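> The hints should help you fit chain C onto chain H, whose structure is shown.
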Amino acid sequence: GESVGLHLPTLSVQEGDNSIINCAYSNSASDYFIWYKQESGKGPQFIIDIRSNMDKRQGQRVTVLLNKTVKHLSLQIAATQPGDSAVYFCAENLAFQKLVFGTGTRLLVSP
Amino acid sequence: EAGVVQSPRYKIIEKKQPVAFWCNPISGHNTLYWYLQNLGQGPELLIRYENEEAVDDSQLPKDRFSAERLKGVDSTLKIQPAELGDSAVYLCASSPTSAQGEQFFGPGTRLTVL
Chain H
55 GESVGLHLPT LSVQEGDNSI INCAYSNSAS DYFIWYKQES GKGPQFIIDI RSNMDKRQGQ
115 RVTVLLNKTV KHLSLQIAAT QPGDSAVYFC AENLAFQKLV FGTGTRLLVS P
Chain C
34 EAGVVQSPRY KIIEKKQPVA FWCNPISGHN TLYWYLQNLG QGPELLIRYE NEEAVDDSQL
94 PKDRFSAERL KGVDSTLKIQ PAELGDSAVY LCASSPTSAQ GEQFFGPGTR LTVL
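As they're listed, the protein sequences go chains H and C.
Whatever position you read off the first sequence (first residue = 1), add 54 for our numbering.
Whatever position you read off the second sequence (first residue = 1), add 33 for our numbering.
For the record, the hints were derived by calculation from the structure and aren't laboratory data.
All of these numbers come straight from a predicted model, not from anything done at the bench.
Mixed in with the good hints, there may be bad ones.
Stated by the list, open to error - Which stretches of chain C does chain H cover? Using the computed rule of at least three CB atoms under 8 Å from a CB of chain H, they are:
#1 48–62
#2 71–80
Unchecked claim - One side only, chain C facing chain H, incomplete, derived with CB under 10 Å:
#3 Gly36
#4 Val37
#5 Gln39
#6 Tyr66
#7 Phe98
#8 Glu101
#9 Leu124
The beta carbon of each residue, even a glycine, is placed where N, CA and C say it ideally should be.
Looking at chain H on its own, in the form it has when it is part of the complex (with noise of 0.2 Å):
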């Protein structure tokens, strides 16, 4: 079936790097995506979302960017902070509010 996939399962950077976390995706009729943060015993909380008339989109220290092109996502996070260590992960919205989402990145940061 199609799904959603990360390319990497974990990501460690240096406090005050930039992290890429990628997603592939397969569906090509979706058309919203979302990326997540999920820190250790809580829920998913989410980060940045994008449309497919998008192919970027920017908030507060992160930079989400879609190929659709490859049926690619990414989540660009500048001047990472220990904070930012969690499991990162995107997903895809299908037809009325369906999320579907891939396994996971977890980002380490270094001090």
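What follows is chain C alone, placed relative to chain H:
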């Protein structure tokens, strides 16, 4: 504003026992979701409610799982009987409508079946 509330936060039971999870969504949110999250995996949708109506329960194992949202506000997810493989985190989420947009997640209930 209070977020999505779930209880209990942790539950340990023996296999074949029943268990129930409770969720209170954000006030005014008409859409409520129950997700299952296995260790190291992303959440998987079990059921979605629009007010009191279950509009998507295609992924709910109906032989042992049931859910209700009688008054269109809080919701209960039940498993009877529980199996070892049901050990996971059960997440509840809500959103204002079914339109595309952010879903707000609760902290989840971690179930351990012995």
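> Could you work out which of the previously given hints the structure breaks and list their numbers from low to high?
1, 7 and 8
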